[in-house]
Amino acid sequence: METTIGQLLSDKAEEHPDKEAIIFDDRRITYEELNEKAERLANFLRERGIGRDDKVSIWLPNLPEWIIAWFAVPKIGAVVVPTDPWYKGGEIEYMFNDSDVRAVIMTDEYGKYNFLEILEDKKSDLNKLDTLVLLDGESDEFESFGLEEALEKGKDWQDDKEYLKRKRDTEPDDVTFILYTSGTTGKPKGVMLSHHQIVKNAHDQGEILKTSDDDKLVIPVPFSHCFGNVMSITLTTVFGGTMIPLVEFEPHKALDLVEEEEATMIHGVPTMFIRELETIKEEDYDTSSLRTGIMAGSSCPVETMKSVINDLGCNVSITYGLTEASPGVTMTRFDDSVEDRVETVGRVMPDQEIKVVDDSGNEQPPGETGELLVKGYNVMKGYYNKPEATEETIEKGWLHTGDLAEMDERGYVEIVGRKKDMVIVGGLNVYPREIEEYLIEDPEIQEVAVVGVPDEELGEVVAAAVVPTEDADLTPQDVVDHVYGEIASAKVPRYVTVTDGLPVSGRGKVQKFKLRDQLEELIEEGELEKIVPSEVK
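Following the numbering used here, the numbering of the sequence shown begins with 1 at its first residue and continues without gaps.
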C-alpha cells in the first residue's frame, strides 16, 4: 500500500466517518473524530516548530491519546519515537539524546512512575528536548501545553496552507518511526522504518487474518512495541476496524471486553493466552464472537494452542518477526495444522524472501540449521546514526536476523534459537530454544530461560532458570528429571534455579546476558550446584 500513516487515517475517516475507531472505557471515538484530533495535534506541533524528520516521543500507556499521537506526528513528516511507560531516567536520557527527541507527548505520571519528575531531573542532560504536550499536569522546567490546549491551538488546520503543504510533501518512503530495540546484548539501537514499510506489513498480516471493517480487536499488548503500534493500531486502521485497548493486561478485563463488545479478534503473547484460559476455567465468559488474533513473542506449548482454538474459540495465527523487519516476516495460516502452529512460525509473508545460511553465507538445505536472513520491502532503513551497525546487519539487501532456524521443503520455518545464545557443550552445538520448548511442556513451569555457563571439563554446560506456576511445588531436581531421557545428555541442564522472575528488558524480552551473569555468580559463590538426574544417581 503506497500511502503514509497520516493519509491512511484521513482516508478511513472519509470512507466511514461515523464508524467507531476506538472503544475505551466509556469513550467511543469515531474515525472522523480520531482524524480531527490527529490533524489538530499535528498542526499544533508544526506551529511549535516541529519540522520534517524532527523526532517526537510518545510516552503514554495504552490510551486513545497514544493512537491520536501515532497518526498526528507522521502527518507533518515528523518521526515517532515510542517510549516504554516503565523506562527510568537513565534509559530516557540515552534514548532521547541518541534519537534527538525535540518534543514529548506524555502524561505527568503513570502508576508508580512520575514521568514529569524523571524528565525535569534530567533536563540539563537532554540535548534537544524543548516541548511537552501533557495529558495532565504542567512543567516548571520545560515549555509545556495541555493536550486540550494543543488541540485548540491547532484547530484551524484546514485553512493553514503551510500545514496542508507539509502533509502533501510527506512521502510513503520517508522514515516515520524509530523504535529502540530491547538491548538484550547492550545499548538499544534505534530502528528506522518508513510509512510504506509499516502500512504494508500491517496490511499483509491483516490479509492473512482475513481482517475486515467488521472486526473489533482487543489489544492487551503495549503500543510502545511493534506488536501494539504496527500489528494492532495500524493493522486495524488499514481495514477500518475497531480498536479496544487495555491500559494494562488483566485476563478478566480482556475477557470482559470480548464479551461486552463482541470482539472478533484478540492479540497476545502466549502467557496472556494461558492466563485467559485459566480464567475461563474459573468463570463463564461468552467468547463466541472471537474469530482470530495473533500470538507472538515466544513459543507456544501444544496444549495451549489447542485450548486457545477449542476453549477460547480463537483461530489464532503465529507471527514471527523482528523490529528490523517492520516487523512481520512469517505467519501461520488458518488452514495450518496445530502441529505446524506450535512447531513452526509458518511461511514467509508476501513480497519477502527468506533463506537459511551457514557461517560462510552458504544457503542450507531443508532441515539444516543456520541463520535466518530476510530480504524485501520490509528491511529497515538502518539504525539511527549507527552506519557501522547497519552494515553489519544488512548485507547486499539481506537482513541478518540473528535467529537460528530450520526451513523444511514446504517453506515452513522453525526458530531453534539465537545465534549468539548457542551453547557448545564438549564440541556439540546446543540450542537453548530447543531445551526451553521441552521444559515448558512441564505443567508446573510457567516461564523458562536456558543459557550456557563455563565448565572446566566440557567448556560450557547448560543452565536453566524456571519460574513455576502458581501453587507448584517445583524443585531443580524435578526440572532435570523432566527432560532427562527425552533429550541428549549434553542438552540436559546441569544447573537449575527456581525463581520468581527472569531478568527482562524494557520491552519484556529475557536478557540472557544478565541471566548468565547471575547464574555464574551463584555458581562461583557455591549457591548453585550441579544436579545429577535421579536415574543415574
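Don't read these hints as lab results, they were simulated from the structure. Some hints could be false.
Think about it this way: if two alpha-carbon atoms lie no more than 20 angstroms apart in a straight line, the pair counts; the simulated EDC-like pairs of lysine to aspartate or glutamate are [said to hold, decoys possible]: (1) K381 <-> D174; (2) K514 <-> E91; (3) K281 <-> D256; (4) K375 <-> E391; (5) K381 <-> E91.
Label-pair distances were calculated between CB atoms; the ranges are [as the list claims (entries may be wrong)]: (6) D471 <-> E120: 42 to 50 angstroms; (7) E409 <-> N362: 46 to 54 angstroms; (8) P350 <-> G51: 33 to 41 angstroms; (9) S288 <-> E535: 19 to 27 angstroms; (10) E138 <-> D358: 55 to 63 angstroms; (11) E109 <-> E250: 18 to 26 angstroms; (12) E2 <-> D26: 43 to 51 angstroms; (13) E109 <-> G367: 50 to 58 angstroms; (14) E278 <-> E148: 38 to 46 angstroms.
Each residue gets a CB set at the ideal place from its N, CA and C atoms; glycine is no exception.
Hint by hint, here is what the structure shows:
1. K381 <-> D174: Roughly 10 angstroms separates the two Cα atoms, so the pair holds.
2. K514 <-> E91: Holds. K514 to E91 sits at ~17 angstroms (cutoff 20 angstroms).
3. K281 <-> D256: Holds, at about 14 angstroms.
4. K375 <-> E391: Measuring from Cα to Cα gives roughly 14 angstroms; hence the hint holds.
5. K381 <-> E91: Cα-Cα ~23 angstroms, so violated.
6. D471 <-> E120: 42 to 50 angstroms: holds, 44 angstroms
7. E409 <-> N362: 46 to 54 angstroms: Violated - the Cβ-Cβ distance for E409 and N362, about 18 angstroms, lies outside 46 to 54 angstroms.
8. P350 <-> G51: 33 to 41 angstroms: holds, 35 angstroms
9. S288 <-> E535: 19 to 27 angstroms: Violated, since S288 and E535 (Cβ atoms, about 47 angstroms apart) do not stay within the stated range.
10. E138 <-> D358: 55 to 63 angstroms: Since the Cβ atoms of E138 and D358 sit about 58 angstroms apart, the hinted range of 55 to 63 angstroms holds.
11. E109 <-> E250: 18 to 26 angstroms: holds, 20 angstroms
12. E2 <-> D26: 43 to 51 angstroms: violated, 38 angstroms
13. E109 <-> G367: 50 to 58 angstroms: holds, 53 angstroms
14. E278 <-> E148: 38 to 46 angstroms: holds, 41 angstroms
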